[in-house]
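Chains A and B, in that order, give the protein sequences.
Just so you know, full-length UniProt numbering puts the end of the first sequence at 375, numbered straight through with nothing missing.
Just so you know, full-length UniProt numbering puts the end of the second sequence at 263, numbered straight through with nothing missing.
A portion of the hints provided could be inaccurate.
[What the hints assert, rightly or not] Sample of chain B residues lacking proximity to chain A, with all beta carbon distances greater than 12 Å (derived):
{"no.": "1", "residue": "Pro-98"}
{"no.": "2", "residue": "Arg-108"}
{"no.": "3", "residue": "Ala-152"}
{"no.": "4", "residue": "Glu-216"}
{"no.": "5", "residue": "Phe-221"}
[Stated by the list, open to error] Below, in silico cross-link-like pairs of lysine to aspartate or glutamate (EDC-like), each with a Cα-Cα straight-line distance of 16 Å or less:
{"no.": "6", "chain 1": "B", "residue 1": "Lys-121", "chain 2": "A", "residue 2": "Glu-357"}
{"no.": "7", "chain 1": "A", "residue 1": "Lys-359", "chain 2": "B", "residue 2": "Asp-120"}
{"no.": "8", "chain 1": "A", "residue 1": "Lys-261", "chain 2": "B", "residue 2": "Glu-52"}
{"no.": "9", "chain 1": "A", "residue 1": "Lys-233", "chain 2": "B", "residue 2": "Glu-159"}
Just so you know, the hints here were simulated from the structure itself, not pulled from any lab data.
We put the beta carbon where it would ideally sit given N, CA and C, even for glycine.
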Amino acid sequence: MKSIKNKRETYLQSVLKQGYSRRDFMKFATYMAAYMGLETSVVGQVARQLENTPRIPVIWEHYQECTCCSESFIRSDHPIVSDIILDKISLDYTLTLMAASGHQAEAAKHATMEKYHGEYILCVEGSVPLGDDGNYCCIAGRTAIDHLKEAAEGAAVIIAWGSCASNGCVQAAYPNPTEAVPIHKIIKNKPIVRVPGCPPIGEVMAGVIVHYVTFGTLPELDRLNRPKAFYAKRIHDSCYRRPYYDAGLFAESFDDENAKKGYCLYKVGCRGPMTYNSCGTIKWNNGVSFPIQSGHGCIGCSEDNFWDNGPFYERISSLNGFGIEASADQVGKATAAALGVGVTAHAIAANVAKRNELKNSIAEGTRNEKQVRED
Amino acid sequence: MASTKKDLTFKRVYVWELPVRIFHWANALCITVLAATGFVIANPPAIMSSTEASGQFWFGTVRYIHFATAYIFLGAMILRIYWAFVGNRYANWRSFLPLTQKALLNIRHVLQIDILLGVDKEHRLGNIAIGHNAVAGASYVVLFLLALVQVATGFGLYEPMSAFFVADLFSWVIPLFGSDFTVRFIHHAVTWLMILFVIIHVYLVFYHDWLEGRGEVSSMFSGYKFVLTDRIKPEDTLEGETPPAQEEEPWVEDEKTPAAEAH
Ligand code: HEM
Ligand code: SF4
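Next comes chain A alone, as it looks inside the complex (with noise of 0.2 Å):
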């Protein structure tokens, strides 16, 4: 297995001893210009930037996860992504599509991270548990917050692949038994790049990543770390169901009549009005389609506690609280209701208790009308 070399390859370079032609080369270039949202004019800029850089080498952790970030991506549009920005090969970390195991990609990891200390991109996939002292996530016998600190502290960028590592996903959902939380939670000192979703649309993926190497910068990111170019729109922003929505024809079950016509999912639990990605635009598996597209509802994903905010096929979530799923409409009327009786048995109360007092005014108000003067 060869070692880190001295003199470090460009994305040319590598991606032509992979055996693409420059031909590929240079629609990987377009792809990655059109992903990231950039007018045509900066594809040249993008390959005159691939060509001259020197790969970047990247370090990609993983925690409590399903590794479907990592499917994702090396299933993004191009082939060329995933082979370029994981050198799967000399690897630098990559634990489950490196050629090295065990000790040997443990020591690969470590001879990057002090080689290029202040220079690789840290990609963590995977929440990390703090309970019992982060004994729910150990990896070459070691915790996960161990791992993620040491990592860290070197890199140059951070990247929180997924809703695991940007909002702890479904290991955070309630009860939340191993106190899974995102990386935000634990490091603090640098910028984290939040790439949500479960997983992430690989080409969302590749894109964040060859911005960063393309330029040298972070693309532009919202409040909440994550990539305007991918997050700044909803789901319902984009979706060819909209007009239906515009138009109030919706669907109440999946088979109904109304279903069939293709009609907007809002009523069945759609989230797509609360969720920021790019699922309508980029679609999945190479542009064929996105849930939407398919019949089901958006799930919101990409959002904070999707899990915790069920069920998927209500519009608003449950009460949990109140023992019985109870929606917040239901503990509404009830109280309301109760209002309406607990108001109705003031007002016979106060004419009891107040009986005197409204038969004094009673009579001088009668004592008055007799004395009304008509003249």
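Please build the complex by placing chain B with the ligands on the supplied structure of chain A, with the hints as guidance.
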């Protein structure tokens, strides 16, 4: 002097100035429209229609009404805050907060007499509020806070759809709560709290109107309330003169009054 023999005489006092009344009804209308359109947005009726989507826009219209009303609601709120500094003493911000000893005593009085329905043995003139009583005042502070929550969560949800600077002022809301889910849930739940407020508020207005007979309900149309003549300084002391020191005399009912017998 038995109260039955004493005729109560009242004078008209201009309590609610025009801007206050306009605000009140604008606010009531906005809340009604926002809650109604809001519930339609939350759970729209599914309509079977043979018209193509291009031929109709009713759900968009409902949302449009919600958002347009939201702006009116916010505008009315801002004007009312302004009026809380320049309006008369019943409109002033101080009248909403139990800041004085008198207000604290008034809270006790209202709770005893109006909420727990005790019988007033000692009629202090000052016990009956001319504007809103201290408990009502506090309840409007609560309503104001609920309205603030609705404006913040509502405009927070609205901000991604709008480029207008007023909406953009609320771009911090969703990051604060982490997601639209939570914000939307709060917006929905607080709607119910506002409905509960309305039930209590309307009931108590009728309650006071019925038991005190001072024109509580009509005051929000006319601006006038009827106030016992005893509480109003004589005409000749009005303009800038210092009125003769006048202690509020507790007006004790006869031991023989039916009110006392009730115990
Ligand atoms: C008295 C005040 C208000 C009440 C009672 C009210 C009520 C509601 C209700 C019940 C909903 C449905 C929530 C759901 O989706 O389950 C809603 C939605 C919404 N409201 Fe309000 N609202 C109020 C004020 C506002 C204000 C001031 C704004 C500011 C623009 C606003 C903007 C919105 C937005 C953006 C939605 C979501 C609509 C959508 O996603 O299509 N609301 N409102
Ligand atoms: S299907 Fe979902 S995302 Fe599409 S318009 Fe309806 S509510 Fe919005």
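Any hints this thing doesn't respect? Which numbers, in order?
-> No hint contradicted; all consistent.
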